[in-house]
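Asks: Hey, can you work out the whole structure from these sequences and the hints?
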Amino acid sequence: MTTQGWLFIATFLGLVLAITKPMGIWLHALYQGRRTPLHRVLGGVERGFYALCGIDPDQDQSWRCYAVHMLVFNLALALLTYLVLRLQGVLPINRLAYPGMAADGAFNTAVSFTTNTNWQWYSGEATLSNFTQMFALTLQNFLSAATGIALAFACFRGFARRSATGIGNFWADLTRVTLYLLLPVCVVYALYLIASGVPQTLAASVQVVTLEGAHQTLALGPVASQEAIKMLGTNGGGFFNANSAHPFENPSALTDLVQMLSIFAIGAGLTWCFGKAVGNTRQGWAILAAMLTIFLAGVAIVYWQEAAGNPLLHQLGVSGGNMEGKEVRFGIVGSALFSVITTAASCGAVNAMHDSFTALGGLVAMFNIQLGEVVIGGVGAGIYGFLLFALLAVFVAGLMVGRTPEYVGKKIEAREVKLAVLAIAVLPLVILCGTALASVLPEGLAGPLNKGPHGFSEILYGFSSAVGNNGSAFAGLSSGTPFYNGLFAVAMWLGRYFVIIPMLAIAGSLAAKRYTPATSGSFPTTGPLWVGLLIGIVLIVGGLTFLPGLALGPIADHLAMVRGQLF
Amino acid sequence: MARKHEQSLFTADLIAPAIGDALRKLHPRDLVRNPVMFTTATVALLLTVLLVAGHDSLAVGFKLQLVVWLWLTVLFGTFAEALAEGRGKAQAASLRAAKAKLTAKRLMGEGAAWEAVAAATLRQGDLVLVQTGDLIPADGEVIAGVASVNEAAITGESAPVIREAGGDRSAVTAGTRVISDEIAVRVTAHPGQGFLDRMIALVEGAERHKTPNEIALTLLLTGLTIIFLIAVATIPGFARYANGSIPVAILAALLITLIPTTIAALLSAIGIAGMDRLVRFNVLAKSGRAVEAAGDIDVLLLDKTGTITVGDRQASEFRPVSGVSPDELAEAALVASLADETPEGRSIVVLAREAFGQTARALPEGAQVIPFTAQTRISGVRVGARVIQKGAVQAILKANPQASETAAATELARVTEEIGRAGGTPLAVAVDGRLLGAIFLKDIVKAGIRERFGELRAMGIRTVMITGDNPLTAAAIAAEAGVDDFLAEATPEDKLALIRKEQQGGRLVAMCGDGTNDAPALAQADVGVAMNTGTQAAREAGNMVDLDSDPTKLIEVVGLGKQLLMTRGALTTFSVANDVAKYFAIIPAMFVALYPGLGVLDVMRLASPESAILSAIVFNALIIPCLVPLALRGVACKPMAAGPLLARNLTIYGLGGLLAPFAGIKLIDLAVSGLGLA
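These protein sequence lines map, in sequence, to chains D and V.
If you read the first sequence in the UniProt record's numbering, its first letter stands for residue 1, the second for the next number, and so on.
If you read the second sequence in the UniProt record's numbering, its first letter stands for residue 1, the second for the next number, and so on.
Please keep in mind that the hints were generated in silico from the structure rather than gathered at the bench.
Careful, some of the hints might be misleading.
Unchecked claim - Simulated DEER-style distance windows between Cβ atoms: (1) V:A59 x D:Q565: 28 to 36 angstroms; (2) D:L75 x V:G244: 17 to 25 angstroms; (3) D:L441 x V:L64: 35 to 43 angstroms.
Note that the Cβ used here is the ideal one computed from N, Cα and C, for glycine as well.
Replies: The following block contains the structure:
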C-alpha cells in the first residue's frame, strides 16, 4: 500500500461527497416533478410522450397500481429484448452476420438486462450485432436504470407523504428520470468518452497491422453511447467481454476515475434526495455515512490484500502485490477500488478480474453483493434496499428508547416488518438455495474451472451476482449452459422483483400513515450512534447468513494459501 | 412510586407451580403461538427421534446432552411465561374467592322489600339494597342514599370513601364493603363482565392478546428464523461440494443457537410482567395496547387541582383597599371564616391568627352564620346588626350593588387582577356593604412537581395543565409549576377539542379524569386513565382505571409503558447481537474437518469441536433463565432524552450482547471440557 494509493482513494471519496448534493438537488426536482432548466428544451418532448400514450402525469397511483404498471412495462421490455436477441440474424446492422441467440441464452440475457443485472454469459463483441447492442441492450440500460430510480421515488413518497393513498405515477417518474437526467448526462458523458478515444461507430471492426506485421481484427461499434449509461445506470454490461478493462471501453486513468465516480453518482445523490424528501437532509447524510463506512472498510481490506500479494509467489522470488488479472494501466489501487465500487453499487462493470484477486479480496466483492448491494447500491435499488435495513434497525433497537418504533415520523408496525423481512429474506433464500443446488448437481459442478474452495467461491459469487442484480462475474465459472442460464435468469428475476413488490407495499402502507412529529424522546435517526447501529444491522442481518458459505469458499481458500496450497 | 403489594420474584410458592405450568405449556397448541419456540421444540423432537434411530459419527453421550439442552431451552421459555403468570394467578385466586361469597339483596318493585339472591344471578338494570356491613354485590351506580364504603379489597386503601347518588361519586364496585348507612344501587354490569371479573382476567393473563408491537416483533423473529433455517439447510449442499457431510445434530445445534430463542422465550413474560407491574401499581389497563400507547405519549394533559397543586388553596395575604388597615381586614376575614370548615376557610383563620395576632376563637354570642350556597356564592356571619360577607369578587359586588360604583370597587378590581396575575384567587370581604379588600388565596404547587415536568420534557413529553381558572391565574401557576402549556377556563368540550387538535398533529395524548363530562375526552385520548372514585361513565370511557384515584400517577403510567417497550427492545437487541459469537463457536467446529485451516476462526480457542457446539447450546439455553429477572422486573427506565438513552442501552444490550457470549461460551467450554462432558 502506498500513500499515493490512499490519496487516490481519498480523492475519490471527496469527489463522491462533492457530487452528492448537486445530484441530490437535481433528483429531488425530478422527484417532485418540479420544473428544471431543461424543461425549456425538453418539456415539449415530455408532454408529447404523455399525449401520445394517453398518460396523465398528475394521476396518483396506489402502490398496487404502480407495481402492476412497472411489472407489465418490464415484462414487455424483457419480451422485446428476447425477440431482438433471437431474431438478430435477420435484423439490420449486423455486418459480421452474427446468428440469433439460442433460447436459453436469450432468455438469460433478456432477464439480465431488464433487471439491471447485465450478467453476460457471452462475449459481446463475438456474439452481438451493433443493432442488438444499441436497440436491445443500450435501451434496456436506460429503462432499467430509470425504473430503479422511479421505484426509489415511489419508496421516498411512502416515507414523505402523510395520510395519502398514492405513491406517484410510474410513467411520469420513468419519463422524467430518463428525459431530464439519464439522457442529458449520457450525451455529455458519451461525448467525453469519444474525446478520450472510445469508439462510436456503426462499423463492426477494423483491420490493423501490428508492429510485428501481423494482421489483427479489432471489434468496434457504438461503444461510447453504451458505456456512458452502463456506468451511470449501474448496469455494468460491457460492450466487450473484457468490460472496463478493455482500452476501447476505458482508455485512460482519467476515464477510469470518471467511470468509478459515475457508478456512485446517482446512488449517492439519492441519499440526499431521500433526506430532502422527508424534510431533513441529515437523514440522508446519515445513510450515506453508514454506506461509505462499510464501503471504506471494504476498500481497505481489498487494497491491503491485493497490495500484500501472494506469499507463495514471494517465496518464489516474485515480489510485489497481486497483479494477476489486473490491467497494468490501473494497477493495484485502481483495480481494488473499482472492484469494491462495482460490487457495492450493483454495477457489475469490472476493470480487473475478481476471480484472480486474493481470496479475501474476492470475499469483499462477494460480501458486498450479498449484503444486498445497499452500499450506495444500484440506482434506486441501493437506497430502497438500505431503507429496508433501516426499518429493521429502527424496529430492533427503536424500542430501547421506550417508544414503539418510528422512522422519519412514520410508525413501523407489523405490516412493514413482515414485508421488510420478506424482501430481505429473498436474497439469502435464492443465493443459498441456488448455490446449494449447483454444489450437488453434476450440471452445477461442471461450471467452476477451479477445484476446492476457490471453485465453490465461483459458484457462490455467480449466484450472488445474479440475485443481487450485480452482473459482474467472478469469472472462472462457465455459465453459458442451459442449467446456469436458466437458473441465473430465475435468480435475477426473483432478486429484482421479489424485493420491489414488498418494498412498494411498504411504501403504500407508510404513505397512508399519519406523521408523528419528532421530539427529544424520539429515536434519533441521525448522528453517529444511528450510523453505527445501521452498520451493525446490515452486517448482522444481511451478512451473517452467508458466513457458512464464505467460510467454505474464500475464507477456506485464503487459509489454504496461508498453509501453502493454491487452487 | 408506592407499591402496595411488593413481592419477591422468586419465592418457592411461585416457582413450584410455575414448573408444573411450564411442563403443561409444552402442549403443541400453546407452543405454536410462539414460532421460534415451536421450531426449537420441533428440532428437539427430531433429535430425540434420531438419538434412537439415527446413525452418524457422533458419540451417543454427546447427542444425548444436545437433546437435553434443546428441551431445556424450550422449558426455560415456558417457565419464564409461567412464572410471569404465576404472580397474577395468586392475586386472581383471592379475588375469585371474594367474588364467590357475594350475595345480593335484590329489591322487588317499590318499597323496601328485597330477596336474597346470589350475586352471579344479577342482571344489568337490577336494583339492589346494600346495608351497613354488606359487600356490594355487583358494579353499579348509587341511585339513592349516601354511604361510606371501604374499597380496600380493590385498592388496598383502608380509608373509607363516600359514595352517593348523583354527581361524580356515584359508582360502586363489586367486592367493596359499605361501612355505614345504606344505599340503593342499580347494577350496570352484565354478569361476568364486571370490574372484578375484568380484574381477575387481567391479573391472570387469561384475556391476554398479543399487543400490536408484540405481533410485529413475533413476525420479525419468525422471519429471522426462516432466514437462518435457509442458511443452515443449505450447509449440507455446501459440505457435499467439499466432499464432506455434517451430522444433523450439529446442524440442529447451529440452527437453534442462531434463531432468536432468547427474546422469543421471554417475549410473553415481558408483556405479562409489564401488565403486572401496572396492576401492582394499582392501575388496571383494559388492554396491553393501552400500556404500549402509554410509552408513546407525546402530550400529557394534567388537571391542575390535585395533580399540579395540592387540592386546596391557602390564604397567603390580606389586601385591603385604601383606608382600610390590614388588621381590620384580617379581623373581618377571621370572623367570617370561623364557621367555615372548608380547608380554604381554615387557612384564612390560621393566617389571621399567625400573621396578624387575631385571637378570636369562637363566634360571638348570638352570631348567625350565613351559609354558602351555589346561588349566592357568598358566606359570612351576621353579628347583631353587623354583616360580614366573603365570597367571589363578582358575587360580593352583585350582593352589594351600592358598593360597585365606589372608588373602593375600582381599587378592588385592580387588586383582583394583581392576585390573578400572581396565580392566586381573590376572595372579597365586605362589612355592612363596605368593601374592605381581598384575601389572596394561593394555589400551592406540589413539591418536586417542577422537577418531574423537567424530566418529562427531557423524555420528549409535553405537559399541558388543564384548569378552570382564568388565563391570568393559569399562566402564573403554569409558570411556577413549569408546565409547557395550559388550557384555562377549560370546559369538557375544550379538553376534547385540545385532544383532537394534538392528535391531528400526530401526537399521542394521555389524560385522566373522573366526571361523567370527562368521558368523551377520556375515550378520545390515546391513554385515558379514569379515577376509580369517578363515575361509571368515566370508568367505561378510559382505557385504564387508577384504583388509588391519584391523578399524579399518569406520569408513572407513562414510565411503566416506556419500561415495557425498552425491556422488549433491549432483550431483542441482546438476542440478535448474540449470534456473532455463536457463529464463531460453531462454524469452525463444524467445518474444521472439511478444511483444517478453518480452525483459526475459533477465536475463543475452545477445547474441541464437540465442546464448542455443546457450549454454544448450553449458553443459548442458560441465558434464558439468567435474563428472566430482567424480563420480569424490566430494565431501568431513566428519565433522559432518547439520544443518551439509546447510547446507554445500545452499549449495555447491543455491545454487551455482542461480547457477553464470547465470555460465556468460553467459561462453559472450560467447565464442559473440565468435567469431561465432551
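Asks: What are the numbers of the hints that this structure violates, sorted from low to high?
Replies: 2
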